[in-house]
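Enquirer: These are the residues of each chain, in order.
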Amino acid sequence: MKSFTRLHGIAAALPTANIDTDKILAGRFLKTVTREGLGRVLFSSLREQPGFVLDQAPWNEARFLIALDNFGCGSSREHAPWALLDFGIQCIIAPSFADIFYTNCLKNGILPLKLSLLQVEHLMSLAEDPRTASMSVDLRDQILSYHGGETSFDIGAQEKNDLLNGVDEVARTLTFAASIRSHEMIRDAQRPWLAGTLRAPWETKWYNVTREDAGESR
Amino acid sequence: MLPGPRTLFQKIWDDHVVARVNGDAVLLYIDRHLVNEVTSPQAFEGLRTAGRKVRAPGATLAVADHNVSTDDRSNGITFGDPESRAQVEALERNVRAFGLPYVPLADRQQGIVHIIGPELGLTLPGGTIVCGDSHTSTHGAFGALAFGIGTSEVEHVLATQTLVQRPARAMLIRVDNELGQGVTAKDLVLHIIGTIGTGGATGHVIEFAGDAVSALDMAGRMTLCNMSIEAGARAGMIAPDQKVFDWLKTAPLAPKGGELDAALAYWQTLRSDEGALFDKVLIVDASDVSPMVTWGTSPEAVITADGIIPDPSALSDPSKRTEVAHMLNYMGLQGGDRISGTPIDVAFIGSCTNGRIEDLRAAASVIGDRRVAPGVRAMVVPGSGLVKAQAESEGLDRIFMDAGFEWREAGCSMCLGMNADRLLPGQRCASTSNRNFEGRQGPGGRTHLMSPAMVAAAALAGCIVDPRVARQ
Ligand code: SF4
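Protein chains in written order, with numbering that gives the first Met the number 0: chain A, 0 to 217; chain B, 0 to 471.
These are calculated hints, taken from the structure and not from any lab test. Ideal placement from N, C-alpha and C gives every residue a C-beta, glycine not left out. Hints are not guaranteed to be accurate.
Negatives, chain B to chain A, calculated, CB over 12 Å [claimed, not checked]: (1) Ile307; (2) Thr321; (3) Gly443.
Covered stretches of chain A, as calculated for chain B (at least 3 residues, CB under 8 Å) [unchecked claim]: (4) 11-22; (5) 28-34; (6) 57-65; (7) 115-123; (8) 129-141; (9) 150-162.
List time: in silico DSSO-like cross-link candidates among lysine-lysine, alpha-carbon distance up to 30 Å [unchecked claim]: (10) B/Lys255 to B/Lys242; (11) B/Lys242 to B/Lys10; (12) B/Lys279 to B/Lys248; (13) A/Lys159 to B/Lys255; (14) A/Lys113 to B/Lys242; (15) A/Lys30 to A/Lys1; (16) A/Lys159 to A/Lys1; (17) A/Lys159 to A/Lys113; (18) B/Lys319 to B/Lys52; (19) A/Lys159 to B/Lys248; (20) B/Lys10 to B/Lys279; (21) A/Lys1 to A/Lys113; (22) B/Lys242 to B/Lys279; (23) B/Lys242 to A/Lys30; (24) B/Lys255 to A/Lys113; (25) B/Lys52 to A/Lys1; (26) B/Lys319 to B/Lys10; (27) B/Lys242 to A/Lys159.
Input sequences plus hints: build the corresponding full structure.
Expert: Structure follows, in structure tokens:
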């Protein structure tokens with residue numbers, strides 16, 4: 000997990016509710032095996048339309064994105080936050096987020112910031128004017144400052160702590176190895192059928208994709 | 000202290016808490032981890048970089064489904080493009096390197112991960128199941144806690160067999176009475192999403208209950224739980240009953256003999272206690288549910304098959320008006336028109352929502368001696384190799400092919416535009432899948448979600464039809 004402490008930059012408004020992850024990153028761009036380079040195809044269908052906000056200065060440099068309810072609904076693809084991050088967006092402000100997307104943001108050092116609809120609408124109106132579109136956020140103090148004002152915001156203690164410290168979550172969990180082991184022992188005693196007993200490889204033949212694709216048969 | 004009455008979700012949760020991490024965040028043990036080719040490459044890369052192993056290979060199963068071609072495989076497999084192939088190859092390299100069980104593409108058990116998990120008996124009541132795919136909620140039909148995760152979490156589960164989780168809120172959706180003749184689980188779930196909206200269950204785990212839910216077969220229950228994510232839910236689940244136990248008696252990897260008896264005794268306890276508190280409750284009258292079809296680009300944009308497409312100019316809320324107008328523009332539809340009679344170009348029967356044998360039977364049953372309407376491309380894509388084999392043994396493949404449907408190999412196919420099966424810009428599709436987002440089935444494609452019987456009826460008529468009228 001990357002760390003997040005504070006951020007200053009331009010905010011772009013996307014005044015739409017239920018922006019789904021297919022819209023953020025279309026399915027046909029999911030074929031990558033790395034995390035990088037997806038900023039180019041962020042919001043690809045919207046960017047085909049002339050005048051899309053993220054293609055206009057100063058918002059082509061946006062660090063904040065402001066949207067309406069249920070941002071990031073749909074698929075679990077972490078490619079959506081990767082694309083946002085690759086573009087430069089590090090903080091998303093909305094009245095509500097879809098659950099998996101919210102978690103995926105945190106894992107990538109993106110701050111998903113929940114504010115009331117009224118506040119979000121005010122910020123959107125500021126973001127639409129280049130003269131007032133700059134904002135800053137300080138996660139430690141939980142303050143978002145914008146043209147003519149500031150507001151505090153809520154975030155869970157766990158999420159805040161992890162973002163600030165950029166913890167390696169796997170490494171932290173591995174410190175619980177003894178508890179995991181004892182859970183498995185209790186499971187084996189009480190619900191042994193849940194123990195995973197699949198074996199690799201699968202009993203039947205493998206498919207050599209490369210060879211088959213070259214036209215040879217199995 | 001005696002525990003008070005608990006919900007089904009709470010019971011499964013309590014049985015899987017490994018440790019408290021911080022505040023209300025816990026380490027939750029994961030019993031089954033399904034891995035696909037799309038959301039795993041970066042997770043394996045993360046393990047490699049950190050020099051980590053997979054903690055429980057025997058609890059993990061990998062299969063490729065999103066990218067695979069559904070063309071005939073008798074002479075080997077092809078892919079639409081080199082990137083699709085590269086992703087499947089990466090999965091094959093990773094499962095070899097990390098020693099993971101894998102269902103190869105040539106195996107007759109290959110298929111969509113959410114179809115083969117239950118078929119194989121990997122999906123068990125009271126277990127926790129995750130997959131880097133939001134429709135993991137499907138497995139909740141067996142009384143499991145099953146939810147989709149992102150790639151970072153895939154890596155976390157591979158390395159630790161746990162996830163850091165905060166408790167979800169519990170929501171009860173009770174469906175009373177009986178569904179009408181010809182009304183399916185797909186119609187019910189579209190009706191529910193239309194009622195509560197795509198954010199209606201955000202932060203909640205839904206438990207579906209009530210007479211109409213008990214009356215559903217396992218396929219219908221999986222359809223219902225599958226689409227709970229479309230209402231924003233973290234997971235959907237149904238308390239296990241005899242139908243679940245009967246299914247598991249024949250599933251190859253489910254417990255057998257004395258272990259099965261012990262499991263059954265435990266599974267019987269998996270229901271919400273009398274008096275358990277839910278944070279949210281929705282009561283639906285099944286007799287109010289009609290055959291449903293979506294008209295817009297969100298699963299909540301849904302009407303009855305005999306309904307009228309909403310007219311934006313009649314809406315008072317300006318943002319709603321813009322949203323509806325935008326959707327209609329994308330969909331090429333006129334507000335105020337009847338949805339039935341809208342001509343279609345493609346009919347797609349398949350996906351993890353409706354790619355099971357029961358769905359294919361339902362679709363085949365409306366065909367009779369009719370043929371696919373001229374100019375319509377109609378395709379049937381079984382959800383797995385086993386579904387395909389079963390359908391062929393029942394002669395369903397002949398019924399479909401004789402009527403002019405394509406009979407294809409298992410995979411996600413036209414549910415999403417990742418493989419060669421895609422809509423062309425502007426094409427309109429009657430689809431049994433679960434998402435009608437812009438471009439979901441291919442850039443510029445227009446999706447109408449509905450039940451398998453309705454898609455088959457649309458393929459024959461060449462337009463969207465109300466199945467109750469069509470049958471007469
Ligand atoms: S069938 Fe569709 S929804 Fe299901 S796993 Fe495949 S792509 Fe996802």
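Enquirer: Against this structure, judge whether each hint is valid.
Expert: For each hint, the structure was consulted:
1. Ile307: holds (22 Å)
2. Thr321: B/Thr321 is in fact no farther than 12 Å from some Cβ atom of chain A, at 9 Å.
3. Gly443: violated (8 Å)
4. 11-22: holds (count 7)
5. 28-34: holds (count 6)
6. 57-65: violated (count 0)
7. 115-123: Per the Cβ count (0), the hint is violated.
8. 129-141: With 0 residues in contact (Cβ-Cβ under 8 Å with chain B), the coverage given for the segment 129-141 of chain A is violated.
9. 150-162: Answer holds; 4 residues pass the 8 Å Cβ test.
10. B/Lys255 to B/Lys242: holds (17 Å)
11. B/Lys242 to B/Lys10: Holds. B/Lys242 to B/Lys10 sits at ~21 Å (cutoff 30 Å).
12. B/Lys279 to B/Lys248: violated (34 Å)
13. A/Lys159 to B/Lys255: Not OK: A/Lys159 and B/Lys255 at ~46 Å, beyond 30 Å, violated.
14. A/Lys113 to B/Lys242: violated (42 Å)
15. A/Lys30 to A/Lys1: Measuring from Cα to Cα gives roughly 24 Å; hence the hint holds.
16. A/Lys159 to A/Lys1: holds (12 Å)
17. A/Lys159 to A/Lys113: Answer holds: A/Lys159 to A/Lys113 is near 13 Å, not above 30 Å.
18. B/Lys319 to B/Lys52: Not OK: B/Lys319 and B/Lys52 at ~50 Å, beyond 30 Å, violated.
19. A/Lys159 to B/Lys248: Answer violated: A/Lys159 to B/Lys248 is near 46 Å, above 30 Å.
20. B/Lys10 to B/Lys279: Between B/Lys10 and B/Lys279 the Cα gap is close to 18 Å, so the pair holds against 30 Å.
21. A/Lys1 to A/Lys113: Given pair A/Lys1, A/Lys113 holds - Cα atoms ~20 Å apart, limit 30 Å.
22. B/Lys242 to B/Lys279: holds (27 Å)
23. B/Lys242 to A/Lys30: violated (38 Å)
24. B/Lys255 to A/Lys113: Not OK: B/Lys255 and A/Lys113 at ~49 Å, beyond 30 Å, violated.
25. B/Lys52 to A/Lys1: Status holds; Cα separation ~22 Å.
26. B/Lys319 to B/Lys10: violated (40 Å)
27. B/Lys242 to A/Lys159: This hinted pair is violated, its Cα atoms lying about 44 Å apart.
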